[in-house]
Amino acid sequence: MISLCPLVTARSPSGAAPMLHPRLLGEDDIPLLKWIDRAEVIDEFYRLCNGQLSCYAQHEVVQGWPEGEAEHDALILQQCYRRGGWLYGVFDGPALVAAVVVDCLPIACAGLDLRQLKFLHVSQAYRGLGLGRQLFALAREQALVLGGQGLYVSATPSRHTVDFYMRLGCELLATPDPQLLRIEPEDIHLYLRLA
1 MISLCPLVTA RSPSGAAPML HPRLLGEDDI PLLKWIDRAE VIDEFYRLCN
51 GQLSCYAQHE VVQGWPEGEA EHDALILQQC YRRGGWLYGV FDGPALVAAV
101 VVDCLPIACA GLDLRQLKFL HVSQAYRGLG LGRQLFALAR EQALVLGGQG
151 LYVSATPSRH TVDFYMRLGC ELLATPDPQL LRIEPEDIHL YLRLA
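Numbering (the UniProt record's numbering), first residue to last: 1 to 195.
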């Protein structure tokens, strides 16, 4: 059984008293993931060049979920849940504002038996409160519970995202998993050794 981090108490975007409460997510909660507000302004990205991260400037305004992506992700996360994956969310009242998912399927990579961090998103208005860090800490614990020696992270190549994971101890994978690389060729593939 994993221990729960005490979640940051903060005012909701409306300024109302805090009502953040975390809980395990079930299959019926998966459609709620599309309501997490992924909006952000990105000014820098990474690409991998000769095994090194190379930062480049590119301005991009993300309005939310690309068309069809939330529905596609829901199907993948439903499969993950049905085979024993772990889904966890943070709610502000009835609204899901952050979530994390760890898949139970083993990935042999970097000489380790890894579990994939399938999903980690925090709604725009709730960023900067430490929710992402706390959810990642829970994901680390859950990867161990699922028998993993580490986490496999396929990170969106925005500098903010990659730097977030690297600050938490993730490292570049010299040889990413071929199937995951095929699915997300632009992502920065990272891992975190836990055992």
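Hints should not be assumed to be uniformly reliable.
Distance windows between CB atoms, simulated [unchecked claim]:
(1) 23 to 76: 17 to 23 Å
(2) 63 to 193: 24 to 30 Å
(3) 79 to 51: 29 to 35 Å
(4) 108 to 19: 39 to 45 Å
(5) 58 to 182: 31 to 37 Å
To be clear, the hints were calculated from the coordinates, so they are not data collected in a lab.
All values derive from a computational prediction rather than experimental measurement.
Where is the CB? At the ideal position from N, CA and C, for every residue including glycine.
Exercise. Which numbered hints does this structure break?
Worked result: 2, 5
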